[in-house]
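Chemist: In this note's numbering, the protein residues as written are 36 to 363.
I should point out that these hints are in silico values taken from the structure, not numbers from a laboratory. Every value quoted in this text rests on a predicted model; they were computed, and no experiment measured them. We put the CB at the ideal spot given by N, CA and C, even for glycine. Heads up, a few of these hints could be off.
No farther apart than 27 Å at their CA atoms in a straight line, the calculated lysine-lysine pairs in the DSSO-like style are these [said to hold, decoys possible]:
#1 K356 / K345
#2 K296 / K40
#3 K345 / K40
#4 K304 / K261
#5 K76 / K356
#6 K261 / K351
#7 K111 / K156
#8 K247 / K308
#9 K70 / K308
#10 K76 / K40
#11 K351 / K156
#12 K247 / K75
#13 K247 / K304
#14 K247 / K261
#15 K308 / K296
#16 K296 / K345
#17 K156 / K247
#18 K111 / K308
#19 K111 / K75
#20 K75 / K40
#21 K156 / K261
#22 K111 / K345
Computed spacing ranges between beta-carbons, pair by pair [stated by the list, open to error]:
#23 L63 / P327: 40 to 48 Å
#24 G109 / K66: 17 to 25 Å
#25 K156 / Q299: 44 to 52 Å
#26 K66 / G313: 34 to 42 Å
#27 P56 / A168: 12 to 20 Å
#28 P327 / I354: 24 to 32 Å
#29 S48 / K76: 20 to 28 Å
#30 E103 / A52: 26 to 34 Å
#31 G282 / E328: 24 to 32 Å
#32 A288 / A135: 36 to 44 Å
#33 R122 / R71: 43 to 51 Å
#34 Q299 / R71: 41 to 49 Å
#35 K66 / M332: 21 to 29 Å
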Amino acid sequence: MKAPKFWNESEKSIISALLIPISVLYRLADKIKRKRGLQKKLPIPVICIGNVVAGGAGKTPVALSIAEFLIAEGWKVHFLSRGYGGRYDGPLQVVLGGHAADDVGDEPLLLAAVAPTWVAKDRASGGMAAYEAGADVIIMDDGFQNSALQKDLSFLVIDGGYGVGNGRILPSGPLRESVSEAFHRADAVTIIGDGADLQFLTEIDLPLFRAKIVPHALQNELVGEKVVAFAGIGRPEKFFNSLRDAGAEIVEAVEFPDHHKFSQDNIIKLVEKAALHGAALVTTRKDFVRLPEDARMMTTVFDIDLVYDKPKKLQKLLIDKLGTRQHA
Numbered sequence: 036m037k038a039p040k041f042w043n044e045s046e047k048s049i050i051s052a053l054l055i056p057i058s059v060l061y062r063l064a065d066k067i068k069r070k071r072g073l074q075k076k077l078p079i080p081v082i083c084i085g086n087v088v089a090g091g092a093g094k095t096p097v098a099l100s101i102a103e104f105l106i107a108e109g110w111k112v113h114f115l116s117r118g119y120g121g122r123y124d125g126p127l128q129v130v131l132g133g134h135a136a137d138d139v140g141d142e143p144l145l146l147a148a149v150a151p152t153w154v155a156k157d158r159a160s161g162g163m164a165a166y167e168a169g170a171d172v173i174i175m176d177d178g179f180q181n182s183a184l185q186k187d188l189s190f191l192v193i194d195g196g197y198g199v200g201n202g203r204i205l206p207s208g209p210l211r212e213s214v215s216e217a218f219h220r221a222d223a224v225t226i227i228g229d230g231a232d233l234q235f236l237t238e239i240d241l242p243l244f245r246a247k248i249v250p251h252a253l254q255n256e257l258v259g260e261k262v263v264a265f266a267g268i269g270r271p272e273k274f275f276n277s278l279r280d281a282g283a284e285i286v287e288a289v290e291f292p293d294h295h296k297f298s299q300d301n302i303i304k305l306v307e308k309a310a311l312h313g314a315a316l317v318t319t320r321k322d323f324v325r326l327p328e329d330a331r332m333m334t335t336v337f338d339i340d341l342v343y344d345k346p347k348k349l350q351k352l353l354i355d356k357l358g359t360r361q362h363a
């Protein structure tokens, strides 16, 4: 879906106000569901990377960055994902080259390039499958509002350029739950980028980490190049801004809904736009894995890195919370 504009309006719109009764019911149903959920405690630590708003906040880059540190420290990291957009309920271990985005979703394919990755609608059974396969720590990409698994460390990720939108709960606003409730269950907060009003963060007493998205070191070939950029992610404007910051000249930017399944017609129109401008087609890694094979050959991936202001502070938190790795 594509987020409605009124979700990000500082002035509360009439449409948003009319939806408040539904938001009240949504919040009540969510609370009941969470209270009824039985949290399973695994024999190994579970780290959850979640957010409080619907749509992309940068969870996957945060999950990858934490995994890379833990792997370097000798941990056997496994990822656990719901597999949004995939057709398998799981538990199923993702096989690169064997599974497509239609099978397991797009994010699990990105995660599986770094560490073993499981998709499971039932997070508890997925966590057990990872443990039995040899994991000694699990990183959940999303699942902050899911109560099936007990978490040992939960990060809330906030898009610094978007914040919490109009501050209202779905569908009146973008929030999955109230900010105060989310912070009450979180152990740390990661803010990616800046620009939005984040004054509410001054009222919380949690470790706070700031990070920014930067072009991958090998993206120099886009400097000064004309590009037709397209993306079907939660906040496409973040991708377009990152491309401009990398020195690319965007002659046309095309937005699709989050997790969009690209049709042949979509691809033909994009290729025609690129040919008209004499430009290259560029997209995100997450969109790239959803493209048909022939379309990938005509598309350049814009890869990014997540850079923390104080990486040692984050590493210390992980060590303090997880302790030393347990050897078999």
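Chemist: Each of the hints needs a verdict: does it hold here or not?
Modeler: Status of each hint after checking the structure:
1. K356 / K345: holds, 17 Å
2. K296 / K40: The given pair, whose Cα atoms are some 22 Å apart, holds under the 27 Å limit.
3. K345 / K40: violated, 34 Å
4. K304 / K261: Holds - the C-alpha atoms of K261 and K304 are around 17 Å apart, at most 27 Å.
5. K76 / K356: holds, 16 Å
6. K261 / K351: Judged against 27 Å, a Cα distance of about 42 Å means the pair is violated.
7. K111 / K156: Holds - the C-alpha atoms of K156 and K111 are around 22 Å apart, at most 27 Å.
8. K247 / K308: The hint is violated at about 31 Å.
9. K70 / K308: violated, 51 Å
10. K76 / K40: violated, 40 Å
11. K351 / K156: violated, 32 Å
12. K247 / K75: violated, 34 Å
13. K247 / K304: Between K247 and K304 the Cα gap is close to 32 Å, so the pair fails against 27 Å, i.e. violated.
14. K247 / K261: holds, 24 Å
15. K308 / K296: holds, 19 Å
16. K296 / K345: violated, 37 Å
17. K156 / K247: Roughly 31 Å separates the two Cα atoms, so the pair is violated.
18. K111 / K308: violated, 45 Å
19. K111 / K75: holds, 21 Å
20. K75 / K40: violated, 38 Å
21. K156 / K261: violated, 41 Å
22. K111 / K345: holds, 24 Å
23. L63 / P327: 40 to 48 Å: Hint holds: Cβ distance 43 Å, inside 40 to 48 Å.
24. G109 / K66: 17 to 25 Å: Distance hint for G109, K66 is violated at roughly 40 Å.
25. K156 / Q299: 44 to 52 Å: For Q299 against K156, whose Cβ atoms are near 30 Å apart, the range 44 to 52 Å is violated.
26. K66 / G313: 34 to 42 Å: violated, 55 Å
27. P56 / A168: 12 to 20 Å: violated, 46 Å
28. P327 / I354: 24 to 32 Å: violated, 44 Å
29. S48 / K76: 20 to 28 Å: violated, 43 Å
30. E103 / A52: 26 to 34 Å: violated, 44 Å
31. G282 / E328: 24 to 32 Å: holds, 29 Å
32. A288 / A135: 36 to 44 Å: violated, 26 Å
33. R122 / R71: 43 to 51 Å: With Cβ atoms ~27 Å apart, the hint is violated.
34. Q299 / R71: 41 to 49 Å: holds, 44 Å
35. K66 / M332: 21 to 29 Å: About 49 Å separates the Cβ atoms of K66 and M332, which means 21 to 29 Å is violated.
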